[in-house]
Each structure stands twice: as C-alpha cells, then as structure tokens.
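Trainee: Chains as they are written, first to last, in this note's numbering: chain A, 1037 to 1480; chain B, 124 to 374.
Because the hints were derived from the structure by calculation, they are not lab data. Hints may be right or wrong, so weigh each one.
Said to hold, decoys possible - Cut-off 30 Å, straight-line C-alpha distance, at most; resulting in silico cross-link-like pairs (BS3-like, lysine-lysine): (1) A:Lys1440 x A:Lys1336; (2) B:Lys351 x A:Lys1441; (3) A:Lys1336 x A:Lys1106; (4) B:Lys133 x A:Lys1441; (5) A:Lys1440 x B:Lys264; (6) B:Lys317 x B:Lys276; (7) A:Lys1440 x B:Lys252.
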Amino acid sequence: MGEAATKLTVVRNPAEEGFLKTYADIAGTLPGTEKIVKARRDAMAVFEELGLPHRRVEEWKYTDLRAAIKEANPVAKPASVDAGALKSALGALADVDAIRVVLLDGHFAADLSNVDDAGKGMRIMPLAEALGDKEFAAAHAEIANVLEHDTSVALNTGLMTDGAAIRISGPHETPIHIVHATTAQSASLVTTRNTVSVGAGANVTLIESFVSLGDAGVQVNTVTHVGIGDDAHVVHVKVQKENAESLHLATWAVELSARCHYDTLQVTTGAALTRNQIYLTFNGEDAKAHMNAAYLQRGKQHCDSTLVIDHIVPGCESRELYKGVLDDQARGVFQGKIMVKPEAQKTDGKQMAQALLLSDEAEFDSKPELEIFADDVVCGHGSTSGAIDDELLFYLRARGIPEKKARALLVQAFVGEAIAIIEEHEKLYEALMGIAEDWLSEAV
Amino acid sequence: MLEIKNLHVKIEEDDTEILRGVDLTVPKGEIHAIMGPNGSGKSTLSYVIAGKDDYEVTEGDILWNGESILELSPDERAAAGVFLAFQYPIEIPGVATMTFLRTAVNAVRVARGEGELSVADFMRFVKEKSAELNISMEMLKRPLNVGFSGGEKKRNEVLQMAMLEPSLCVLDETDSGLDIDAIRIVSDGVNRLKSPEKAMLVITHYQRLLDYIVPDKVHVLSKGKIVKTGGKELALELEESGYAEFVNEAA
Ligand SMILES: Nc1ncnc2c1ncn2[C@@H]1O[C@H](COP(=O)(O)OP(=O)(O)O)[C@@H](O)[C@H]1O
Ligand SMILES: [Mg+2]
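Same shape as in the complex, but just chain A (with noise of 0.2 Å):
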C-alpha cells in the first residue's frame, strides 16, 4: 500500500501538460547563458511541482488560474506589422514623446523602436541579447529565482523570449515606453520579461503599454524587475488595452534604495482575465512609494490587483489607492498585504481599494493584510464599493447634463482621482484619462 501511495502522481490537467511540453520543444532555442538556462529549468521544475495556481492557494483564491485556463497556447511566431497598425492601437499613447522599445509577439522589433535616440545615461538593450551576456546573466539569474514560489514567475523564466534591459543615470525628461503588442490571428502565447535598473539619483518615466491587433486570444505573461537607487525619482506606468479573448499575468518585482520616489499607476480595460501582482520591497530607508491604479470592466471580465508590500527598513511610506469601475458580471479583486519587519520603525503604510459597480451583477473582493512586526508604525487600509450616488446623478441632470454623459463624468471623476497621479505629464494624463472615455464610449 505505501508502495502505491509513493507511486502516485500529480493530476495535471491539459494546460499544465502543455505548459510542461512547450519548455520541453523550446527550451533549446530559448536566448541565455549557462546560468539563464539552469534558472529556467530550475524554475519550471518549480512549475511541474506546483503547477497553475487555483483557489485554495491563499494568494490565488479569488484567480483561479486552473480553472481559468483550459490549455496552454502555442507560442507567438514572430511577426510584423506595419507602424500606422501599431500607431491606431496605441491610440493618444503615441503622442506621448518617448524613447520607445517595441516587443512584437515576444520579440524586440528594432524598425518600430527608437532606442538609438536614447541619449546619454540611458542604455537600452533586447533583454534576449542582455540574457546572453555573462555578467547581466548571471546577475539576473539570481533575481530570477526570488519569485519562483509564485508559479506565474516561474513559467515566465521558464518560457521568456524577450523583452527590454534597461540602464538609467541621471535625469531624463523623455520617458521610456515599451510597448508590448501581440498581433496573433490564432490563440498565442507571448512571455516578455524587463529589467530596469535605475541609478543613485536618477529620474525617470517608464511607461509600459500592452496592446493588441489581432482578435485571438493571447495568454501574455509579463514580468518586470525594477531596481532603484537612493534618491532617485521613478514614474512607473502600465496600460493595458488588450482584446477581450486575452488572459494578462503582469508581475512587478520593485527594489526600492534609501530616500527614492517610486510613483506607480496601472490602468486596465482589456483581457478577459487580468492579474496585476507588485511585489515591493523597502531596502534603504525614508523611501516613498505612492500606488495608483485604474481598472474599467465590463461583460464577464475579471481584474485582481495583488500587493505585497515589505517594509524591511525603518521610515518608508507606502501608499495606495485602487479604484475599480465594474458593469455587468464583472469581478473586480483587490489583494494588498503591507509587511513591516521589526525594524522598520515609523512605517507609514496606507491603502485604499474602492470599487464602483455600474451593475448589480458586478462584484468586488478586497482582502487587505497588515502583518506588523513594529511598534512604532502608522498602517491603515480601507475598502468601500458602490453604485452611482443618485444624489450627484440628479444634480448634473438637473443641470441639463444627459443621463448618460452624467454617468460618464462620475465614472471618469471617480477613476480620475487614482490617474491624477501622472497629473503633471500633461499629454500622458490625457492620453489615459481618454482611455476611460474610451472605455465608457464603448458601453452598449
């Protein structure tokens, strides 16, 4: 009998097979050194053992990945597109003046990017070029496994193929856009991975969109590792705008040094299925960092924004504000979890995740976790949902404003304050203000 029971193996279903069997075809062809290559065995051994996260995995219990996912997509071919393409999907985002790196299916497209009018202390490079170099390897090698008891992760190590190694030093008005676009006519799968390393006292915007041209389903597992020195100032940006077929697994792993300013805003309409994760770390003291986010969902689309923000050093201050605009049997999901070590006295940690629901169908789950080892610290979270206040309805229709326009101008006031992050990037500030317009122009 306990012959049997060693015997027995893992039930995997057909995604998890697939996922498996892609690594097995591809791995040889995948970009890295010797390094990169153990770090993606590695990691899908942590995969094979673990498999999709589903819901009683504490993390993943309102995402249900193994169920979301019934089988795991062939990987994207590479292919091209022509720029006025790429240019109407991006929308009023391409107005916005940057040094633009652009990951087409997984791959770095040097015609549709300008990274040569990168200027000085700004190096850009395909991270399939970085993986191949020895010193960026093996440094990378060892970030790469921080995350790998999150399965996501490891299937991104597993199976990335490209995506953008950045170097910053000094200021730079100019911000860095990576644009990640999938053309795919026919169910794909597209894994990117970034790394941004941004130096002592530097100061940057970095802006990272995730568009779709084609109409097939796309499962796109993105992740991006960001490093910044003391006294720098970062502005971090994610929108994603991709079709409603597509599943978005997105995974920031931030370091932040002592006294740097890391603003983040992430703004989603797209993907039937949207899991945004940050994972924060304060290493240097009296570092901020303010984290915004804007989500608009309508139909059967689901969006989990999921934190864990570790104050391992004394007097950080950490700060969210999440909000969520849900019609129609759309799920909105809100995850933060705030860890202060004993150390890290005088923690000034807060969040807020408040959602809007337009339909009685519509739901929102908010599990906020305070995990406080200190005594001298100031933590706090909060979470409210609801519909349209009537009150504020009638008073702009009583003003001559249509029902419908009424609507939007709340909508757009409630997502507004999150975006008015980026208030002082005035054409960025437009370009996603406009996104929600967008979105609330689309409603049936």
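Given chain A's structure and the hints, the job is docking chain B with the ligands onto it.
Mentor: This is chain B with the ligands only, laid out in the frame that chain A set:
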C-alpha cells in the same frame, strides 16, 4: 407661465403625502416667493419641479408654457428652461467646476438647437458671468463645490443659473447661511436675470431676502398646501407674527 395644479406628492417608498394639493401660477415676468415653516414641503416642491425621482406625483400636474413637464427627465426639463438653485448644492469630487460648467452649458445649448460654444467663447462667457458674482477663476478650477464655503456654493448656483439661461428659475433657500454681503451679491445676480421672459419662484424661510429680491406675490406653504397668498407685505406680516398661525390653520 408656470402652472401647478392640485399637486399631490409622496415619497417613492413611503405613503405619507408631502404635498397635498398645491395650486400655484407664476406668469412670465413675475417673481413669486414661497415662504413656510421648516418641513412644510418647500424643497419637495422645488425637487418635483426639477424632476427628482425620489418623489411620486399621485395627482395633479405641473405645466410650463402650457405643457406638462412631469414626463420629462431632469435634463430635458433643464433644456426646456427649468433651473433649480439647490438649497444644499452637491459636492462632486474629481469634476472640475469649469469642466462641469462647460459640459452643462453645451448640453443645454445642443438640446435647444443652438450648438456648442467654442472654447474661446465659453471662456469669455464664464469670465464675464463669474466676475459679476465675485467668483475667481481659481475657484472654478477646484472640484465642483468641494471645500467651497456656504457663500461660495450659493454664488456658484447663481453662476450656473446665469450661464444656463433658464426661463423658469426656482431658488430654494438661496439665502440660508449667507451673511448680508453675500445675500446682496446673490440677490444682485438674481435681479440681473429678471426679465419679461422669465418666471421666478423664490423659496425662503426668512423675509430678509425679499428686501433685495422684491416679489410680486408671496405664498405661504404649510403642511403641503398653499394656505395664504398676498402681496410683498405678507412677508413682513410673517416676520412679525411667525408661522404659528398657519401651522395651526393647516392642521
Ligand atoms: N426624500 C425624502 N425622504 C424622506 N422624507 C422626506 C424626503 N423629502 C422630504 N421629506 C419629508 O417631507 C417633509 C417636507 O420636507 P421639505 O420639502 O424638505 O421641507 P422644507 O423644504 O419646507 O423644509 C419633511 O417632513 C421631510 O422630512
Ligand atoms: Mg428646504
């Protein structure tokens, strides 16, 4: 002409009648005042004219220019010329006052077939009207009514009234909470709007406002009914004797 005929109103989810047969006619070019004790139904009457759907009209009608407005939505009424200056203006975080004004002005203009104002024309218009009411451009950049003082909110109501060019103006206790200087600014604003084309209904609890906005008629509303109508001297009488008499009469 505004004609309110035998108007009975109750709250949607409740059976108590708040208005119990109001009859009232305000011809164009006239200003009528409605006075009455707290809770007599003054705000309810103003909301029902503006089309708030918490209330149900069980009997009677409201006609504006000879046509019933009861089936019109609040925004359709605004387009038809109805304007209510709220007793308690609503705060809307995230909507800049200027954006709100432009959206509202253009919405009623489009509904009236006049076409939107260009940005330049709108700016000229808003500058002129806000200067008259002592409203700064800085104030208009702030979110609608958020953090505004009582006086600022009421001036903002009158600004909206000036910009939306209504023909039926209902002012619900626009004087409450204002000091005498603010009352003067607001009243001057209202008086500037007076015209042979406009009917105005000024709701107030105190006679004071009517020193500045002189009514053609004064009506006393008590327990959901007009219990007395007279000339502007009726307001002074009320100031002397209070509302006790009417409260008893209606009971
Ligand atoms: N939306 C409402 N819900 C419940 N009661 C209401 C509502 N509106 C008005 N009332 C009641 O109706 C009566 C009249 O109120 P209101 O019209 O505000 O009087 P006034 O403006 O004359 O002070 C009061 O008893 C008030 O409590
Ligand atoms: Mg009242």
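Trainee: Each hint should be assessed against the structure and marked as holding or not.
Mentor: Taking the hints in turn, this is what the structure says about them:
A hinted pair counts as satisfied when its Cα atoms are at most 30 Å apart, and Lys1440 (chain A) with Lys1336 (chain A) qualifies at roughly 22 Å. Distance restraint check for Lys351 (chain B) and Lys1441 (chain A): the Cα-Cα separation of roughly 42 Å exceeds the 30 Å cut-off, and the hinted pair is therefore not satisfied. Note on Lys1336 (chain A) and Lys1106 (chain A): the hinted pairing holds, with a Cα-Cα distance of about 17 Å set against a maximum of 30 Å. As the CA atoms of Lys133 (chain B) and Lys1441 (chain A) are separated by approximately 29 Å, the hinted pair is consistent with the 30 Å bound.
The suggested pairing of Lys1440 (chain A) with Lys264 (chain B) holds, with an alpha-carbon distance near 24 Å, which does not exceed 30 Å. This hinted pair checks out: Lys317 (chain B) and Lys276 (chain B) have alpha carbons roughly 21 Å apart, not beyond 30 Å. At most 30 Å may separate the alpha-carbon atoms for a hinted pair to count; Lys1440 (chain A) and Lys252 (chain B) meet this at roughly 28 Å.
Violated hint for the displayed structure: number 2, the only one.
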